[in-house]
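**Student:** The chain contents come next:
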Amino acid sequence: MPENQQPRIGVYICHCGGNISGAVQCESVAKALKGLPNVTITRTDESMCSDAGQSLIEKDIQELGINRVVVGACAPMLHEQTFRGAVTRAGLNPFLYHHVGLREQDSWVHGHDKTAATDKALRLMSAGVAKARLLQPLDPIRLGAEKHALVIGGGVAGLRAALDIARQGLRVTLIEKSPFLGGRMAQLETVFPTEEEARALLHDLIQKVTAHPNVTIFMGAEVMGVSGYVGNFTIQVKQHSRGVSDDNAEALMSACTQEVPDPFNYGLTKRKVIYRPYEGCYSSTPAVDWDHYDGRPFDVNGWPIELKDEPKSFELNVGAVVVATGFDPYTPPQGEYGFGELPQVVTLPQLIRHLALSKDGKSLQWNGRAVRDVALIHCVGSRQVDGVHQPQEDGQVNNYCSRVCCTASLHMTADLHKRYPELNIYDLHQDIRTYGRGHEEYYRHALEDGVRFLRYNGEEVPEVSPAPQGDSHPVLVKVKDMLTYGEEIEIPVDLVVLAVGFMPRDLHGLDKMLKISRGNDRFLLEVHPKLRPVETAVKGVILAGSAQGPMNIQESLSAASAAAAKVASLLGRGKVELPPFVAAVDVEKCNGTGACVEACVYEGAIALQTFNENGEEVKRAVITPANCVGCGACVAVCPNNAVNVQGWTLAQYEAMVEAIGMDLPAMTEVTA
Amino acid sequence: MSQSQQPKILILGTLSGGYAGADSTGQSHLDYPPNTYILPVMSPVMFPPEFYLRAFEHGMDGIIVMYSGTDSPYKVEADGTAKLINRAYQLMKERGMDIRRLRLAAICTVCVKPFLKEVNQMNDLLEGIGFVKDEIAAHASAIVTQEAAHG
Ligand SMILES: Cc1cc2nc3c(=O)[nH]c(=O)nc-3n(C[C@H](O)[C@H](O)[C@H](O)COP(=O)(O)OP(=O)(O)OC[C@H]3O[C@@H](n4cnc5c(N)ncnc54)[C@H](O)[C@@H]3O)c2cc1C
Ligand code: SF4
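First to last, the protein sequences are chains A and B. Quick note on numbering: the numbering used here labels position 273 of the first sequence as 273, and the sequence is numbered without any gaps. Quick note on numbering: the numbering used here labels position 68 of the second sequence as 68, and the sequence is numbered without any gaps.
No lab work stands behind these hints, which were simulated from the structure alone. Keep in mind that the hints are not guaranteed to be accurate.
Pair ranges (Cβ atoms, derived) [to be verified]: (1) B:ALA137 <-> A:ASP431: 50 to 60 Å; (2) A:LYS589 <-> B:GLU94: 22 to 32 Å; (3) B:ASP31 <-> A:PHE453: 34 to 44 Å; (4) B:ARG87 <-> A:HIS212: 32 to 42 Å; (5) B:ILE143 <-> A:LYS589: 45 to 55 Å; (6) B:GLU50 <-> A:LYS575: 36 to 46 Å.
Each computed DSBU-like pair below joins lysine-lysine, with the alpha-carbon atoms no more than 35 Å apart [to be verified]: (7) B:LYS133 <-> A:LYS31; (8) B:LYS113 <-> A:LYS530; (9) A:LYS619 <-> B:LYS83; (10) A:LYS147 <-> A:LYS512.
Ideal placement from N, C-alpha and C gives every residue a C-beta, glycine not left out.
Make the full structure from the sequences, and use the hints.
**Tutor:** Dropping the structure here:
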C-alpha cells in the first residue's frame, strides 16, 4: 500500500484563471515548497479543478508514487470533494488529501499587497504540507441502516416529507401530537400567493399520505425517548387514546356539555371536550381533549359513561428522524398594543379565524359593532429591539424577521377590501418585506385599494390606547410616521390587528432527546444554512419546515422535500456511510483516566471498558463512531493525548502552527 | 515589509462559523491585514489550554478562536470552549503574557463585519504590544532579576 510508505507529497497550486495568481506568485510558492521534506513534486496549473488539472494529480499518484496530496485553490467547500474524488480514482485513500483555501482567504483579500499575499500563501501551503505528512488513510464509517424513517409532526411539512420518503420506497412512520393532521395550515382559509383553499390543498396531501402503503400514522402520539444513532435509532412512543370510536362518537358528542376555549379558533369560540376541530378534518373520528376533560361521566341514554385515557407505549426502530414540529404564532403579553386589555385588539391569526366564522355581510362586525376603520400593525413579536420590547422567558428579544407576516397582512388587506369595500384600512409597518414571487402584487393591490401605509421606526413603536369617552371610535392608535418625516399621527379605529410573528415551539424536551441544538433565535438549528441546510449536527436527524425558522407553505414544502431527499440518500441502500471524522483512541497511550467520558455529552459515544492486558485488568476508552459527532471535547481533557479526532488531530494542528511560524529559507527569496 | 517582521495572528475558525465567515469576507473582496492565518476546525472545544501556549511559542503573537458560540451545532462548544480559554488565560498570566493576545469570538458564516472587526482589533492590539517572544523574554529576565535580588 503506497499510503503506508514514507510520505511522498504532491503539492498543486491553482492559478484559478488569475483569481489566485493575480495576487499570489504561484510559481515562486511552488518553488519554495519543493525544498520541504517529503515534498516530491510541486506543480501549478491554470485551473486545477478542470479535467486536465485533476489528471495531473492522478498521473503523479500513478507514475511518481505520490501518496499524500495538497492542493491550494479556492475555498475547500467548493472543491475539496472534487479533489478527494481525483485522489480516489488514482487508487489513493481519499483522506490522504488536504485542501488549502488560497482564494477567498488570501488572493481576494490581500490583492493590494502581492508580496504579503505570496508570503501568506507559502505559509498556508507549508502548513498544509505539515498536516499532509501526518495524514493517515481513513475509512468512512459504514453502518447497516433501517430502511424506515420517522417523521415527527403532521403539519404540511411533515406530511410532504412522509409522502416523498414513502415514494422513494422507504417505510415511514408519522407521529402527530394532536389527534388531527394538518398543523397550522388547517387554520388558514385562502392562502397567498395562489389564492387556493388551504384545506383543499391540505386534504389532497393528506389523502395521498394516508393512502400510501409505506406510511403508518399515529395521531395523539409523542416521542418519549430516543437512543441509538443514524441507521439504528430506537424511539419510544406514547399514544393517547382517542377516547371515542366511530360507533359511539356522535352519541357521546351530543351528551357532552363541558366546553373550553377552542384553540383552533385561538380562543374566539368555545368547543366541547369531545371535538373535531373543523368539519372535514382528518381523522374524521372526534377525539377527547384529555388536558381539559374534567372526568365526569356522560349521560348517554341514561347510562353514565366515563372516558379514560389509556395510553399505549411502543418502540420504533428507524434509520432517520425528520423533525417537522412547526411553529407557534406569537402571543403578545397582556398590554402589548392593548392586547388582552382592549377587546378591539386581535391578532392576525384570530382575524383569519373570525372571518372564516363570519357570515358575509355589508360590514365587518367585531364585538357586536360594525368596523369602519381598522389598523394593522406589522412586526408584532418580531424584529424586536433590546430595551424597547419585553424580553422572552430566556431574557432575549425576538430580533428576527418572521418573513411571512408582511405578505400575510397584505393578503388580509386584500381579503378585507374585497369583502368590505367601504372599510378604511391603515397599515403600520417598519418595512414591507413581500419578498417571494407574486407577493409584491399584494402590496401593489393594497395601494390601488386605497390602503393607507404609515411607516414606524422599530424603536418608537405605535401606541394603542382606549379613545377618550365620547369619541367616535373606541380605540386610538398613535404613530410617528417616517413617510411624513416623523409626523405624529392619531388614527381613531374600531379594530387593531396585530401581525404576530413566528415563535419557536416548546418541544417539551424532544430537542434534548434528539440532542439537536437551537440557534440564537431558538428555532432548530441546521449545520450550515447554505451547505447543509436541512441536516442537524446529529447524523440522521433532519429538519423540515417551520421548526427551523419562519417559512411560508411553499418554503416549508421545499424544505420537507429536501429533508426527504436527504433521508432517501442516507437510507436508500440499507447502509449508511459517514465521514470518518470522529474520535479515535490510541490504546498505547490510554491509561483509563475516564476524563474523556466525563467531557462527552453525546450518549454512547465514548465509554470505559475493561480489558485484560498481560493478566491484569485495565480500563481503556472505547469510541462508538456512530454516536460520536467529532467535536473533540474528549481530546482537550485527555492528559495523555490518547484520543484525537481522526483527520483533525492535535499533532496535525501543532505541526501546522509550527509551519506557519517558521521562515522557510526560500521564503526571503520569494517575498523579497 | 516581509511578513516575518510582522506579528502573526492565528485564527482557528469553525467550519460552521469563523472559517466560513472568512470565506464570506473573501467573497466580498474586503481587505484585512495579511498576517492572519486561518485554520479550519470542527470545534475549538478540542484544544487543551496548553495548545495555545505552544502556538505562542511557535511565534503566533495573537490567536482568535472564531467559533459558532451558542449557534454551534455541537452542544458543548459554547461553554466548553469558554472554560478551556479561561484556563489558558490562567496559564498565560502565570507566564507574564498579555491575555488579550487570545480572544474568543462568535462569528457566523456570513458575519463579514464582525470578522473584520475582530481581525483589525487584534492587529491594532499587536501593533501596540508587539511580539509575544519579546514579552516572554522580558518576563523570564524579570524572574531572573527578581531571583538574583532575593538570592
Ligand atoms: C397568520 C398566518 C398566516 C399565514 N398565511 C399563509 C399563506 O397565506 N400562505 C403561506 O404560504 N403560508 C402562510 N402561513 C405560513 C404557514 O402557516 C406555515 O408555512 C406552515 O403552517 C408551516 O407548516 P409546518 O408543517 O412547518 O408547521 P405546523 O403547521 O406548525 O405543523 C407542525 C405540526 O407538528 C405537530 N407537532 C408539534 N410538536 C410535536 C411533537 N413534539 N410531536 C409530534 N408532533 C408535533 C403539531 O401539532 C403540528 O401538527 C401563515 C402563517 C401565519 C401565522
Ligand atoms: S415579515 Fe414584515 S411584518 Fe413580519 S417581521 Fe418581517 S418585516 Fe415585520
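**Student:** Okay, ASP31 of chain B versus PHE453 of chain A on CB: inside 34 to 44 Å?
**Tutor:** holds (41 Å)
**Student:** Do GLU50 of chain B and LYS575 of chain A keep their Cβ atoms within the hinted range of 36 to 46 Å?
**Tutor:** holds (40 Å)
**Student:** Could you see if the CB distance from ILE143 of chain B to LYS589 of chain A stays within 45 to 55 Å?
**Tutor:** violated (33 Å)
**Student:** Range first: 32 to 42 Å. Now tell me if the beta carbons of ARG87 of chain B and HIS212 of chain A are that far apart.
**Tutor:** At 55 Å between Cβs, range violated.
**Student:** Within a Cα-Cα threshold of 35 Å, do LYS147 of chain A and LYS512 of chain A meet the stated pairing?
**Tutor:** Measuring from Cα to Cα gives roughly 24 Å; hence the hint holds.
**Student:** Within a Cα-Cα threshold of 35 Å, do LYS113 of chain B and LYS530 of chain A meet the stated pairing?
**Tutor:** holds (19 Å)
**Student:** If you draw a straight line from the CA of LYS619 of chain A to the CA of LYS83 of chain B, is it 35 Å or shorter?
**Tutor:** holds (27 Å)
**Student:** For the pair supplied as a hint, LYS133 of chain B and LYS31 of chain A, is the alpha-carbon distance within the 35 Å limit?
**Tutor:** holds (30 Å)
**Student:** Starting from the range 50 to 60 Å, see whether the pair ALA137 of chain B and ASP431 of chain A falls in it by beta-carbon distance.
**Tutor:** About 56 Å separates the Cβ atoms of ALA137 of chain B and ASP431 of chain A, which means 50 to 60 Å holds.
**Student:** Does 22 to 32 Å hold as the CB distance between LYS589 of chain A and GLU94 of chain B, or does it fail?
**Tutor:** holds (27 Å)
Hints 4, 5, counting from the list given before, are not met by this structure.
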